[in-house]
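Let the sequences and hints guide you as you build the complete structure.
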Amino acid sequence: MDEKKYAKLEQEISPKIPLMKNILKAFLTGGIICLVAQFVALFYMTYFDFTERTASNPTVATMIFFSMLLTGFGLYKKIGQFGGAGSAVPITGFGNAVISAAIEHKSEGYVLGVGSNMFKLAGSVILFGVFSAFVVALIKTILVKLGVVSW
Amino acid sequence: MSSIYITAFIVGGLICVIGQLLFDVAKLTPAHTLCLLVVAGSILDGLGLYEPLIDFAGAGATIPITSFGNSLTHGALAEAEKHGLIGVLTGMFEVTSSGISSAILFGFIAAIIFKPKGNV
Amino acid sequence: MVGRGLLTFKTLPSISATGVTAGPLEKKSSFKDKFDKVYDDERCGLETNEHAHAKMMEDACMIALSKIDSLPSDADYLLIGDLVNQMTPSNFCATTMGIPYIGLFSACATSVSSLILAALLTEVGMSEIAIAGAASQHNAIERQFRYPVEYGSQKPATAQWTVTAAGVAAITPHKKGFPSIECATIGCVTDLGMTDPFNMGAAMAPAAADTLTRHLSGHGTSVNDYDVIMTGDLGKTGFELYKKLVANKGIDDTKNFRDAGAEFYGKDPSFLAGASGAGCSAAIYFSEIFEKMKIGKYKRVLLIATGALLSPMSFQQEDTIPCIAHAIELTMK
Amino acid sequence: MEGMNIRKFGLLIIIVFLLLGCSNVKNDIRVQNNSSEDPVKIKELLTKDERIKSAAVLFHERELLTAVRMKTFSRFSKRKIGKELEKKLKEYYPELNVTVSVDNKILMEMNKLMDMKKQEKVSKKIKKLKSLIKEET
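Protein chains in written order, with the numbering used here: chain A, 303 to 453; chain B, 186 to 305; chain C, 1209 to 1541; chain D, 245 to 381.
Just so you know, these hints were derived from the structure itself, not from any lab.
On a predicted model such as this, the values are computed, not experimentally measured, just so you know.
Beta carbons: idealized from backbone N, C-alpha and C, even for Gly.
Be a bit skeptical, because a hint or two may be false.
[Said to hold, decoys possible] DEER-style ranges, computed between Cβ atoms:
1) G1474(C) / L321(A): 24 to 32 Å
2) F384(A) / T1256(C): 26 to 34 Å
3) I294(B) / S1522(C): 31 to 39 Å
4) T1296(C) / S286(B): 31 to 39 Å
5) E236(B) / V413(A): 38 to 46 Å
6) D1399(C) / G425(A): 28 to 36 Å
7) I294(B) / I1503(C): 49 to 57 Å
8) Q313(A) / C1396(C): 21 to 29 Å
9) F384(A) / E305(D): 55 to 63 Å
10) V210(B) / K371(D): 53 to 61 Å
11) S286(B) / L330(A): 28 to 36 Å
12) Y336(D) / E236(B): 48 to 56 Å
13) S279(D) / S286(B): 42 to 50 Å
Shown next as structure tokens:
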């Protein structure tokens, strides 16, 4: 049996990904996480001097704090199995990636383990975030200088 | 109180659905998916589309990882507006540290207080 | 010498005793009553997962030795392996045991490859007691091959759950009343281009099918000569594919086929396609199969352990998953 | 099974958008005048604007503070609308310091401010609000 034929057989036999179900679960999980964050933002707006816009920083930090608790108590992986992208895409998923790697590598010590492995999973997000921000900002700045677009 | 909760839920959910499609249909790993979304966020901000989305959906737009790309770009653009090209570099590191710094901080705290929990 | 990779053992070395230890989650296994020791803590009260991994192997060895009233100093060889970096847990286990040791790596096929090697040493009269076996520890392996344990990634239905278990067997020259090793087939690496680390069963199925047909034709037997033909850890998806592949080669009768990975956790859906890991086949072969042979329920069995020989690096470099399967035939006379 | 899910999902979205539509009906505009200026013009401007859901307007000494909340789908362009309003108000009241904010926080604080009894504190509070508004831009 050659590779192509086998790949076809494998496709036939392996259980299909329940796409609709996964999408629905991702929508609900992601939506609920954002809803909770919206309430957290309301809290910061009501009780502290944060405006709608500036409240997003403490909200993000708070959500990552929640993510730490859920990861530490072993619940985030269960949410992840249910929600898929719904729990991976929000900032809590970024937190989960950092925090789970940190906990995991505690056994190699704080410097060699936690320190150097913390961004094992999330590092690429930072890299591509920073790099794309640089490129986009550079292009836009040049376009503005050339008078093609305005700020 | 306001429809912002509904829009936050829907927009946040829909961004996650895009992520799920990248997982299941495009067969990308979580790392690839998240990188792609971050890049998308930063491009949307370059086009001036992400800020209106935040105004519309609140946390529904600031909590998904796309907002990370957006705020990095936003910082870079804001400085570039003031200081020209060099601002692109300095601006990027000035804003949006809250996500990274809190992840580092809480990650370290978690490493101190938690043990890897078993599966039982 | 019968043919390439085909071995027959004229002196019929016996499996005189076995030792199986398992982690706490394995209490959910359909075979939990057959394990010699089940820990209540995944880390066995130790600091790291890797230490627990080594401890589990040591305990399994001690249990097997105690069943034949022997001490580690009586054993001639220790042939064990696992999946962690350079087989560290096996190495530490060997340090404690102080038995002449060769570490073996055939991924999840180590349970059978070690058995074959132990049988060979016994066959040539160089060993009175040889310990063979394999182990895996869920957390240590997940971290090695996939993500941190607490990372919330969604696993598809084809994914398998690495078991926390160790299984070892003590091989001695032929002994009446114990299952003996009749013949074996060493597998060839098979690779049909599968790349998904969350569908290992599909990658390993061709290797199992290949080794099965080579064993049957090489030793001149047919499927119905065996009471059971048990594969190691193909899981539910892989097992179905394996049956299809075998049918393609003209073997339709699959009623005595079993798969340790598909059966390990019973029907519990939270384990998705079933169990995997070096400890999976070792734990089932050396508990369920060994016992059923000893009481005479099974007279002749064929054990085919499959292993995916990938590494995290080969996966990241987008290589395919090369797989191996070794077969060993046990009889009870 | 799959088809059911799609239909349910569609229905959910429709219901939600209907709800969004319903919540857009009322249009309350609150004006407090502690000065001699004529508040009719601003009231008219805000009431006429279809995109505005609610607003709070405070005339205090030489300050004109306005906070508005947009209807759901106008939120996309609320910053633009805010700037537009500010421009118009500056034309209407050239002698006043006009400040317009589209932030909910400011609206919340404005409502609190307008409920306050002690007038001495108002000036101080206005200063603080203006610094908050500045911070966000």
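Here is what the structure says about each hint:
1. G1474(C) / L321(A): 24 to 32 Å: holds, 28 Å
2. F384(A) / T1256(C): 26 to 34 Å: holds, 29 Å
3. I294(B) / S1522(C): 31 to 39 Å: holds, 35 Å
4. T1296(C) / S286(B): 31 to 39 Å: With Cβ atoms ~35 Å apart, the hint holds.
5. E236(B) / V413(A): 38 to 46 Å: holds, 40 Å
6. D1399(C) / G425(A): 28 to 36 Å: holds, 31 Å
7. I294(B) / I1503(C): 49 to 57 Å: holds, 55 Å
8. Q313(A) / C1396(C): 21 to 29 Å: holds, 25 Å
9. F384(A) / E305(D): 55 to 63 Å: holds, 57 Å
10. V210(B) / K371(D): 53 to 61 Å: holds, 54 Å
11. S286(B) / L330(A): 28 to 36 Å: Roughly 30 Å apart at Cβ, these two residues keep to the hinted range, so it holds.
12. Y336(D) / E236(B): 48 to 56 Å: Since Y336(D) and E236(B) have Cβ atoms about 28 Å apart, the given range 48 to 56 Å is violated.
13. S279(D) / S286(B): 42 to 50 Å: holds, 45 Å
The structure fails to meet hint 12 from the earlier list, while all remaining hints are met.
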